[in-house]
Each structure stands twice: as C-alpha cells, then as structure tokens.
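Which chain is which? The protein sequence lines are Z and V, in order.
Heads up: the first sequence is residues 9 to 328, going by our numbering.
Heads up: the second sequence is residues 27 to 337, going by our numbering.
Hint data in this document are derived by calculation from the structure and do not stem from the laboratory.
Heads up, the beta-carbon is just placed ideally off N, CA and C, and yes, glycines get one too.
Careful, some of the hints might be misleading.
[As the list claims (entries may be wrong)] One-sided excerpt, in silico: chain Z residues whose CB lies under 7 Å from chain V:
#1 I26
#2 V27
#3 V78
#4 L81
#5 P151
#6 F153
#7 A284
#8 I302
#9 A304
One letter stands for each residue in the lines below.
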Amino acid sequence: MWNFIIRNVAQRLILLVIVSFLAHSFIHLAPGEPSEVDPMNPRMKPEDIAKIRAAFHLDDPLYMQYVYWVRDLATGELKSFKDSQPVLPKIWDRFLNSLPLFILATILIWTWAFPTGIYGAVHRGGAYDRLTVFSSYALISVPGFFLSFLAILWVVGWFGVPVISIKTFGMEHAEPIYQAMDRVWHLVIPSIMAAIGGIAILSRYVRSQMLEVLGQDYVRTARAKGLKEDTVIYGHALGNALLPFVTMFGLLLPGLIGGSVIFEQIFAWPGLGRLAFEAILARDFPIIMTLNFIVAVLTLLGTLLSDILYAVVDPRIRLH
Amino acid sequence: MDQAKPNVPRNAGAVNLDAEGLAPPETPWEEFLRIFKKDYQALLGFLVLVLLLITALAGKALTEWWVVFDPQVVRLTDKFLPPLSVPSPDSIPADRPFAGVYLMGTDELGRDVFARMFQGSFVSLSIGFVAVGISLGIGILLGGLSGFYGHVKLWFITVDTLIMRFTDAMMCFPTFFLILTAVALLPPSIYTIMIIIGLFSWMGTARFVRAEFLSIREQDYVTAAKALGIPEGRIIFRHMVPNALAPVFVSATIGVATAILTESGLSFLGFGVPPPYATWGNILSDGKGFVFDAPGYFHSSPGDFYRRSGL
Numbered sequence: 009m010w011n012f013i014i015r016n017v018a019q020r021l022i023l024l025v026i027v028s029f030l031a032h033s034f035i036h037l038a039p040g041e042p043s044e045v046d047p048m049n050p051r052m053k054p055e056d057i058a059k060i061r062a063a064f065h066l067d068d069p070l071y072m073q074y075v076y077w078v079r080d081l082a083t084g085e086l087k088s089f090k091d092s093q094p095v096l097p098k099i100w101d102r103f104l105n106s107l108p109l110f111i112l113a114t115i116l117i118w119t120w121a122f123p124t125g126i127y128g129a130v131h132r133g134g135a136y137d138r139l140t141v142f143s144s145y146a147l148i149s150v151p152g153f154f155l156s157f158l159a160i161l162w163v164v165g166w167f168g169v170p171v172i173s174i175k176t177f178g179m180e181h182a183e184p185i186y187q188a189m190d191r192v193w194h195l196v197i198p199s200i201m202a203a204i205g206g207i208a209i210l211s212r213y214v215r216s217q218m219l220e221v222l223g224q225d226y227v228r229t230a231r232a233k234g235l236k237e238d239t240v241i242y243g244h245a246l247g248n249a250l251l252p253f254v255t256m257f258g259l260l261l262p263g264l265i266g267g268s269v270i271f272e273q274i275f276a277w278p279g280l281g282r283l284a285f286e287a288i289l290a291r292d293f294p295i296i297m298t299l300n301f302i303v304a305v306l307t308l309l310g311t312l313l314s315d316i317l318y319a320v321v322d323p324r325i326r327l328h
Numbered sequence: 027m028d029q030a031k032p033n034v035p036r037n038a039g040a041v042n043l044d045a046e047g048l049a050p051p052e053t054p055w056e057e058f059l060r061i062f063k064k065d066y067q068a069l070l071g072f073l074v075l076v077l078l079l080i081t082a083l084a085g086k087a088l089t090e091w092w093v094v095f096d097p098q099v100v101r102l103t104d105k106f107l108p109p110l111s112v113p114s115p116d117s118i119p120a121d122r123p124f125a126g127v128y129l130m131g132t133d134e135l136g137r138d139v140f141a142r143m144f145q146g147s148f149v150s151l152s153i154g155f156v157a158v159g160i161s162l163g164i165g166i167l168l169g170g171l172s173g174f175y176g177h178v179k180l181w182f183i184t185v186d187t188l189i190m191r192f193t194d195a196m197m198c199f200p201t202f203f204l205i206l207t208a209v210a211l212l213p214p215s216i217y218t219i220m221i222i223i224g225l226f227s228w229m230g231t232a233r234f235v236r237a238e239f240l241s242i243r244e245q246d247y248v249t250a251a252k253a254l255g256i257p258e259g260r261i262i263f264r265h266m267v268p269n270a271l272a273p274v275f276v277s278a279t280i281g282v283a284t285a286i287l288t289e290s291g292l293s294f295l296g297f298g299v300p301p302p303y304a305t306w307g308n309i310l311s312d313g314k315g316f317v318f319d320a321p322g323y324f325h326s327s328p329g330d331f332y333r334r335s336g337l
C-alpha cells in the first residue's frame, strides 16, 4: 500500500513540473506581452519599455524566466506585473471570495443530481424519468449566461432584491440581520445558476451508471432470493453504482477557476475566475502562471486522493 | 466443390456460404436499419440532425451565394422590432426583408435577426463539427497508439506511459480557462477558435479509445485475424477501429454541442468569432447589452436553437 502511494506521489511530482513548464512556454510563446498592453500611450518611450522588460526579465531566455518564476514563487516574492502586488495574498483574497460560491454550488449539485438520477433509473421510462431526461438535455443545450440573465431579470423584477456582486454597496451600517439577508440573496442566485449545468450533466451520469448496475447478474440474484426491492436497490446496487463517482471528486477542483469565469463575470463576483480573466486581458503572466499551477496542484491532489480511495476500496488496483 | 474447379474466382467461397445458408442472415447495414427503425428516440434525433444540417447549408446558400436573406443590411429606422413585425414606412424599399416581414425581429442596428440566425447556424455548426473532428482525430490517434503499441519501449519509457502522462498533464489544465487564454493571446479569427477548441478537448477521447483498444486487442477475432497473417495496419483500421468507435461517436455528438456552447461562452467574454460572421453565440451575447431595454429581443433569440442542437 505504501509502495503504491509513494509511486503515485512521485509520478505526480514529475507531472507537475512538466505541467508548469508547458504552461510557462505556452504563455510566453504566444504573441502579446505586458509591455505592449498600452502601445498608443505617447508617454511610453522606448527606454521605458526597455526598463519594463528588464524589470520583468522579459529579455532573458525562456528557461531562465522559468527559473526566476519558480524562485519567486518558492520565496513568496512573486509580484503581479500589473500592480506589483504580491501574487499569493492576492490570489488568497480572491479564493476566499470564490469559496462560498463554489461550496454552495457543489452542495447543490451533489444533493440534487444523485436523487434525481437514482430515482430516474429505478423508475425507468416513467413520467418523472422522461421529464428529467428531457429537461437535463434542455439545460445542457442552453448556454449558462442566457439562463443567468433570465434569472436576474425575474429575481430583480419579482422580488426586488439586488443580486449583482458580492454585497450591496452602502449596507455597512445596516442591522446585521439585513446584511446577512443581503449576503444570502447575493450568494444564492449565482450558486444556483452555476449548479444547474452540473446537475443536468451529473444526474445523467448517475442515471446511466445506476441503470448499468441494475442490469447486473448479482442484482437479479438478489431479487431472486426474494429480498425486498428497497434492499436490492439501496443495499446491493447503490454502493456499486456510486463507486466511479469517487474519482469525480478529484476533477471537481479545476472547475473552481475554469467554470466560474463566466458566472463571476455576469454577477460581478470578485472571485478567482474574474482574477484569471483580468490577468489574461492585462497579460499578467505571473498571475496566470500561478493560477494554472495552483489548479494543477489541486487537480493532482484530488486525483491522488481518489486513486488512494479506489485502492482502499478495490484491491485489484493495488496489485497492478 | 472447390476441389472440382480449382480456378474459381476468390469470392466463390462467399457464394457457396450463401447457398448453404451459412452467411449471416443480414448485412451489418440491414441490421443497423432494423434496430434503428424501432428506436423512435434515435430516429427523432436523426431527423433533427438532418433538419439542422439542411438549415445550415441553406443558411450558407441563401445568405452568401444567392442572397435572399441579407444578414448585413443595417436599417437604422427599424431598430429593436419584435418578431413578426413589418418594416416601418420610412425604411429604404431596397433594404426591406424577404416577404416584407422580420420573422425574428431586428437587433440594435436594425439587422434581420432571422437572417443572422440563418447565417449563424452554418458558422456555429461548422465550429462544432470542425472542433470535434480535430479532437476526435488527435484522440483516436493518441489513444489508439497507446492502446495498441503501448508496450513498445522508446529509450527508457514505454509509449503508453509517454502518451498517457502527456494526456494527464493536459487534463490538469482547466479547459475553458486554457481555451480562453489561447484565444485571447492569439489573433482573433473563426479558424483560431475552431482549432483551439479542438486542440484542447481531445483528452477524454484519447483515454476512452485507449481503454477500448486494450480490451479489443485481447478479443478472439483480433487473435484470429493475427493468426490469418493479416497485416497490422489492416487489423487496426478494418477490425479494431470500427469496434472501438461506436461509443466514441456517442460522446462526439455531445462534443459538438459543447463546442458550440464553448464558442458562445467565448463570445460572451468578448473573445468569440469576430464580426462580420454571425454565430448563435455572438447573436445571443450581443443581445445581453440590451436585455434591460429591449428584453423581447433577447428572449426571442437563439436560446431555442441551442436546445435543438443539443439533441
């Protein structure tokens, strides 16, 4: 078992170096540089540009830039090109903003998708099943920002509550209860909007997985033994159907940045996705690189965790 | 029988099999048709797909080659008209739409939304199909290589390790963020978007094809083909690929919809297909700026179309 874990960790460390190197060369080889963000500014003289390039090490060869980036990241002195703020505290602040949105959306996805999918599979072909399959197709096919705009229109129009941004400006002196209510309204709508797509996709996976397991021989055996239908479904089938979703925990984390760009943009939510988007617009390489790196670390940690869980649950994998 | 006539043509064996009733009762194509006809859902989906393709081709033909619906005419007198409205009397007669009705209304420049949707259907679908084609090509190639030649040693690592670690590395990036970075940094064009979306979405296909190949390689019919001395290339492309591809194509159909949606997400952030091309994505995201002034326009635009292409 330890052997298995050590081998996996070592593999992932090598992978991490490759990933960061790929990301680094990819970002630096693409056209566009931080010194060219403002080319029309008459006050930018060639000397200034040379000074900027020297300060950001842009004239050094690529592998030296990579070494500089690793050194600065390790010592915590990495600074943003845009405003010379240290990168790590900046990312941490935005991460704390994104976290409630991410957690609430994840909880919504996992608590809705599983019952929906399982019920649909157990009562296959019924009215509920057909309804959920149809509506999940419909929800997958409509872009998230379209639904979000409709939701903003409805919620603002019917309930008269503001939903844009993380809280209403100028509420600092209101009663704590009103502030809390305000925060909740601002949090709930974006979370639901971010969760809808995930619910639609995940519930279809759960449904097909459950259907596959229900067709297995051991389920038929359990039925043939005369067990109660509930025992068959929840005792024998469910556990096996849910096993593959252990791996999905690991792949949830990249969504923290990738999936949230659009929703944070719509709802003006100052989170990680928007930070990434702003960094791309400003060619802020240290932030793009570091965000990519953090996501890669999180993903690898997640897959490592799910691999270990899998190995614990299923001994066949350990022996490979 | 064969011994009696040693110089019979090569396919005589098949004829004999037919005569003795040993040939399969139906060809694979007939079997496919029989199963397909029973499955109403598949039939419906197929009809919708054909309808969409016809719409896309007609959109290309009627807006560019033989201009019936002109998506680029700007009519400032007819801004933000609701669907099924007629042009105002002071508009220029030559610019009036086909049959004198705006089927889906007009946008902020008075362009006919129906004509733009028509043109956009071709652009959107071609983005979807080209991107999926690229990702399928890369995915099948890499997955097939690591599934079939996985055990071959290159220097110190196996082909399988090399390809699958590279796939893992690509999966570590958040896809949409990566596509966004690439599209934002490269010069904007419709081809860049197609290629970038294709280049960054092959990982799932590669893993899938590899798994299929690993299990198919052990099947009896592949062993039989090997024993018959059939060359490796023919085994791979005639025997293994068709069997591995059926499940891959199922995920590819969803891939087309995903690519179209990715493009619309990029359009929303301002990095989509640049004008003058219309796509379902940028028509929709153009609408977002006016959602509070002219909600009717936003509602009536492409949302419904996405639903259909998702099938």
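Hint-by-hint comparison with the structure:
no. : hint : result
1   : I26  : holds (5 Å)
2   : V27  : holds (5 Å)
3   : V78  : violated (17 Å)
4   : L81  : violated (17 Å)
5   : P151 : holds (5 Å)
6   : F153 : holds (5 Å)
7   : A284 : holds (6 Å)
8   : I302 : violated (10 Å)
9   : A304 : holds (4 Å)
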